[in-house]
Structure formats: structure tokens, C-alpha cells
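Chemist: Can you make the complete structure from the sequences, with help from the hints?
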Amino acid sequence: MIDDRAALDQWYMLGALDSFAGHAPVATRLLDEELEVHGIGKTIEVRHDGKPLPVRTDYGCLWTTLGQPQQLFEMPEAREPDRRSVYCGHVTVRASGLRLIENFLDLAHFPYVHTDILGTEAHPEVATYEVEQRREVDELWATKCEFFQPRAAAASSDGQISRYMYRVVSPFNVMLYKTPPTAPNRWDVIALFVQPVEPVLSKAHMLMLVIDDVSSDAELVAFQQMIFMQDKIVLENQRPLLLPLQPGRESPTRADLSSVLYRRWLKEKQISYGVEEPAQVA
Amino acid sequence: MPELYDHILSLEAYTIRLALAVTGIACERRTVAWNPALAIPAPDVVGLNPAGTLPVYVDASGPLAGVPDILRVLATQADAPWWPEATDDVVARWVDMAAGPLAVVSQARSARLFGATGDLVALQAAARAALRQIEDHLTDVAIGGADWLAGPQASFADIAVFPPVMLSHDAGIGHEDYPAITLWQRRVRRLPGFVGMPGIPDYF
Chain A
1 MIDDRAALDQ WYMLGALDSF AGHAPVATRL LDEELEVHGI GKTIEVRHDG KPLPVRTDYG
61 CLWTTLGQPQ QLFEMPEARE PDRRSVYCGH VTVRASGLRL IENFLDLAHF PYVHTDILGT
121 EAHPEVATYE VEQRREVDEL WATKCEFFQP RAAAASSDGQ ISRYMYRVVS PFNVMLYKTP
181 PTAPNRWDVI ALFVQPVEPV LSKAHMLMLV IDDVSSDAEL VAFQQMIFMQ DKIVLENQRP
241 LLLPLQPGRE SPTRADLSSV LYRRWLKEKQ ISYGVEEPAQ VA
Chain B
1001 MPELYDHILS LEAYTIRLAL AVTGIACERR TVAWNPALAI PAPDVVGLNP AGTLPVYVDA
1061 SGPLAGVPDI LRVLATQADA PWWPEATDDV VARWVDMAAG PLAVVSQARS ARLFGATGDL
1121 VALQAAARAA LRQIEDHLTD VAIGGADWLA GPQASFADIA VFPPVMLSHD AGIGHEDYPA
1181 ITLWQRRVRR LPGFVGMPGI PDYF
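If you read the sequences in order, they're chains A and B.
At position 129 of the first sequence (counting the first as 1) the number is 129 in my numbering, and the numbers step up by one without a gap.
To convert, take the position in the second sequence, counting from 1, and add 1000; that gives my numbering.
You may find that some hints are simply not true.
What the hints assert, rightly or not - Label-pair ranges, simulated between beta-carbon atoms:
#1 B:Asp1069 / A:Asn237: 36 to 44 Å
#2 A:Ile40 / B:Arg1072: 46 to 54 Å
#3 A:Asp158 / B:Asp1069: 35 to 43 Å
#4 B:Gly1047 / A:Val214: 21 to 29 Å
#5 B:Ile1143 / A:Asn237: 30 to 38 Å
#6 B:Ile1143 / A:Ala127: 48 to 56 Å
#7 A:Arg134 / B:Leu1183: 47 to 55 Å
#8 B:Val1195 / A:Asp138: 41 to 49 Å
#9 B:Gly1100 / A:Arg56: 40 to 48 Å
#10 A:Ile161 / B:Glu1176: 41 to 49 Å
#11 A:Arg239 / B:Ala1146: 31 to 39 Å
#12 A:Val214 / B:Asp1088: 41 to 49 Å
#13 A:Ile161 / B:Asp1069: 43 to 51 Å
To be verified - Cut-off 25 Å, straight-line C-alpha distance, at most; resulting in silico cross-link-like pairs (SDA-like, lysine to any residue):
#14 A:Lys42 / A:Ala21
#15 A:Lys144 / A:Ala78
#16 A:Lys42 / B:Ala1037
#17 A:Lys42 / B:Gly1115
#18 A:Lys42 / B:Asn1035
#19 A:Lys42 / B:Leu1038
#20 A:Lys51 / A:Asp18
#21 A:Lys267 / A:Met1
#22 A:Lys144 / A:Arg163
#23 A:Lys42 / B:Ile1040
#24 A:Lys267 / A:Ala255
#25 A:Lys267 / A:Ser251
Since the hints were made in silico from the structure, they are not lab data.
Quick reminder that beta carbons are idealized off the backbone N, C-alpha and C, glycines included.
Modeler: Encoded structure:
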């Protein structure tokens, strides 16, 4: 097993609870290790080398760990009664899980990758936003992000200026908060929980907690999957495959502030899984 | 107005979305719950199509499933000759090929992206063999000066074959070995009304 504590001592999402409960045992992989998920009546057990691992079932998701993590992050929005919680499935991507998280934080690609949906070439500018490392909870937060979006969500019929916040709760788990088309004073939550299978193979799970009384579950899921599949082509073509953390390997601009601080945060944690080792740089 | 029961990620539904786009035939899209990882029928369409597969096209004469049958109907409604009488069996051969031997691309894609059951290595090998057939045919007709699978003009042969060929990337099969396919797909992408789908590269 790897000895990267920064990667091991975290909670990882394996899927929606109802894909495991009451089903035949499912084999899956996490951080190069083989796991087995057993749904025994109402309990779910995750076994590694025949031994049960710690398990959590928050937010309708199955979480496990190969190490000793801190408490799982809080998502108070999950307790709001008028909010819809929809698991949008998983997609396997040939890319480092860290690249998936970093791409999720990026706004600049909206007009080019999600053309006429999350952005338009007529409005490409990423206005200055703020990023801070909240050390007391060990989370990274990007706030005051704004972007003009022709079709911000499944229920949108007009363009809007979307306000965004991003919250990275661990190296492989991130969520964004954005203005719902029908409730401009609240936030929709869209989460990306990455299950790192191998250093450059990841299973991306998506969960939405949204205010929407118009769209069917199918429409919400299809919208999210469409957006993700548009990103997938970019993710699988990024080089180097492993995320470089050495400064000077790439040249970020002001629009890349989230990415710069995310990499700095990862470097501080000394995570090596999915990361380009300094020795590999020519 | 006719309806298309559809899902953004379905390769087969995309084939009909593409046919509707290039013919300009108006149709309402209805997104249904569809899980590509599971081999179970899509619940919202079982009443229209007992097999529960996508897409289902519903017009005045009722529901219709299966890409070849839907393309036949769309061809009769289109203004331009997308399935000409003169080359009827040639077009039919490619439409059937897309639904037959090329269908392994869709299965390989579901296995690789969504964890659907299937022997990925075997499916990829079968997919490569089918792509090789397309490549060889396009090379032959190019030597004769033709740009399209079934004659001098684009037809539903090209529309039916394009989705599985282009989504082979999702199945883990690139097009480095298929130069004739690469040239042909650029022509398809330039057809008036063309729409792509996520997973189809538009940068080469």
C-alpha cells in the first residue's frame, strides 16, 4: 500500500448508498487498493484485505478511508427541506484526480469548453476574485467569483450573471456554490467527489443539492453529465499527466488564482499521489 | 410535433439528434432517466418501447425504436435526399453496420466510462476491427474521388456511422491509425446543421 499519509488520511466517496444497499457485493478500487462493498440488509460494509474499513453514510453517499481522517466535512444545505439532492452518477476519467479538482475550480474555460451554456466568447473575462486558505478547518475557499452565463442551470431560460463560491474540503473533494436561476438569494451546491483509483485514473462522482422545482431528476442529471463530459476531453489531454506542484512548471495568470493556491495547499500537505515528483522533472 | 425520448450521453440517441439537425426536421426532445452503467430498461420509456432502450421517436403514427427504422422515417420527411432510392441498399448496408458490428463501440464506451459490465479488452479489439472496415472503405472510395460512404453526397450512411466512429475515443480507441476516417469526419462536421455531443473532439 502507498505510504502517502496526506492521501490516506482522507474520506473518499465510493458512490450513492442505494447503488450498494441490497445489491450483490461490488468490487472497486481506491488508491491502488482493491476494496469490496457488501450491502448486508441495511448496513454497508467496505472490506480491504478481508477487514472492514471505517464507513460513513452522510449525504446519501458511501464514504470510506484507508487511514485516519478528520471528521467528514459539514454541508448544512443538505438539511434544507426544499432542496433537491440528486446523485448524478460517476464517470471514469484517465487523469490524475487532482487535475479533476483543479479543473472544477477554473472559470476561464467556461466560454470555450461549455460554449453557450456556462459561458460565451463575447464575455470571456474572469473578474478578480478572492481565495483564502481557512486554516482552522483546513479548507480552501474562493469567493466573490462572477461569470456571465447564457444557460447557468437546467432550469435556466435566460442568461444571468452567476455568482460562485468554491470550497475544497480535501485534496480530492470539492464543491461549488452558485446562484440558482429561480432563487437569487440562495446557493445551489454542486459537488465533485473524486475516487482516485490509480495516480492517473479517477472515478468522478457528482452530487447536486439544488433549488429547482421545474426540472425532472433526469434533466438535472443530464445537464450535469453533459457539462462533465465536455470537461473530460480536456482533462484527458492535459500534460503532464501527474499534477506538477513545482512553481515555474507552468505560468498562471490572475484568473488561475484558485489553481495556484490549490497547488500550494497540496504542496504544504506533502501529498505525492497523483503528483509529479520533483525527480521526474528533466 | 414529434417527440424524441433522449439522453445527452446516449450514442444511439445522438445519431437521431444528428439526423434531425442535418435534415432540419422539428422535434421536441424529452430527457429521460437513463443509467448507462446498468443493463436495465430506462423506466420512462418502457411504456413506449418494451426493451426500454433509447432513443424512442414518437410521431402521429406512434412510437418507433431502433436507429435504422427511425432513420427510414426521417428520410421520407426530409427535403433533401438523405436515403436516395438509387443507393437504397448501399445506405442500408452502412446503417445496419452501425447498428450491428459497430455497436461494440457503444458497449466498450459504457464499460470504460460508466463501469457497465463487459470485457473491455475484447470489446475494444472488436471495435478496432469494425473501425478498420470503415477506414478501408473510405480509403477505397477516396481513390475513386468520392468523399462519402455511399456515393458522391452525404447520406444517412454517414450520419449513422459517424457517432460510433467518433465516440471510439470514449472507448479508449484513438484515430491515429485511421487517416481516411480523420479526413471524412471533418467533412461530416462541416455539414450544415451539424451538432456534436460531449466526447466528440472538435479540434482536429
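Chemist: Give a verdict on every hint.
Modeler: For each hint, the structure was consulted:
Look at aspartate 1069 of chain B against asparagine 237 of chain A: about 37 Å separates their beta carbons, and that is inside 36 to 44 Å. Distance hint check: the CB atoms of isoleucine 40 of chain A and arginine 1072 of chain B are about 50 Å apart, consistent with the given range 46 to 54 Å. Roughly 38 Å separates the CB atoms of aspartate 158 of chain A and aspartate 1069 of chain B, a value that falls within the hinted 35 to 43 Å. Hint check: glycine 1047 of chain B to valine 214 of chain A, Cβ distance near 23 Å, so the stated range 21 to 29 Å holds.
For the pair isoleucine 1143 of chain B and asparagine 237 of chain A, the beta carbons lie near 33 Å from each other, so the given range of 30 to 38 Å is met. Taken as a hint, the range 48 to 56 Å holds for the pair isoleucine 1143 of chain B and alanine 127 of chain A, whose Cβ atoms sit roughly 55 Å apart. A C-beta distance of roughly 53 Å is found between arginine 134 of chain A and leucine 1183 of chain B, which places it inside the suggested range of 47 to 55 Å. Between valine 1195 of chain B and aspartate 138 of chain A the beta carbon distance is about 44 Å. The supplied range of 41 to 49 Å therefore holds.
For the hinted restraint 40 to 48 Å between glycine 1100 of chain B and arginine 56 of chain A, the CB-CB distance of approximately 46 Å keeps it satisfied. With their beta carbons about 43 Å apart, isoleucine 161 of chain A and glutamate 1176 of chain B fall inside the hinted range of 41 to 49 Å. Checked against the hint of 31 to 39 Å, the pair arginine 239 of chain A and alanine 1146 of chain B passes, with Cβ atoms roughly 38 Å apart. Restraint check, valine 214 of chain A to aspartate 1088 of chain B: a C-beta distance of roughly 45 Å satisfies the suggested window 41 to 49 Å.
At roughly 46 Å, the beta-carbon separation of isoleucine 161 of chain A and aspartate 1069 of chain B lies within the given 43 to 51 Å, and the hint holds. Only pairs whose Cα atoms come within 25 Å are accepted, and lysine 42 of chain A paired with alanine 21 of chain A is accepted, the gap being roughly 6 Å. With a CA separation close to 23 Å, the supplied pair lysine 144 of chain A and alanine 78 of chain A stays within the 25 Å bound. In summary, the hint linking lysine 42 of chain A to alanine 1037 of chain B is supported, as the alpha carbons are separated by about 23 Å, within the 25 Å threshold.
Taking the CA atoms of lysine 42 of chain A and glycine 1115 of chain B, the gap is near 24 Å; set against the 25 Å cutoff, the hint holds. Simply put, lysine 42 of chain A and asparagine 1035 of chain B have alpha-carbon atoms about 23 Å apart, close enough for the 25 Å limit, and the pair holds. A threshold of 25 Å between alpha carbons decides the hint, and for lysine 42 of chain A with leucine 1038 of chain B the separation of about 22 Å falls inside it, so the pair holds. In summary, the hint linking lysine 51 of chain A to aspartate 18 of chain A is supported, as the alpha carbons are separated by about 22 Å, within the 25 Å threshold.
At roughly 21 Å between alpha-carbon atoms, lysine 267 of chain A and methionine 1 of chain A fall within 25 Å of each other, so this suggested pair holds. Among the hinted pairs, lysine 144 of chain A with arginine 163 of chain A is consistent with the structure: their alpha-carbon atoms are about 7 Å apart, no more than 25 Å. At roughly 23 Å between alpha-carbon atoms, lysine 42 of chain A and isoleucine 1040 of chain B fall within 25 Å of each other, so this suggested pair holds. Pair hint lysine 267 of chain A plus alanine 255 of chain A holds up; C-alpha atoms about 20 Å apart against a cutoff of 25 Å.
Our distance criterion of 25 Å between C-alpha atoms is met by lysine 267 of chain A and serine 251 of chain A, whose separation comes to about 17 Å.
Of the numbered hints stated above, none is contradicted by the structure.
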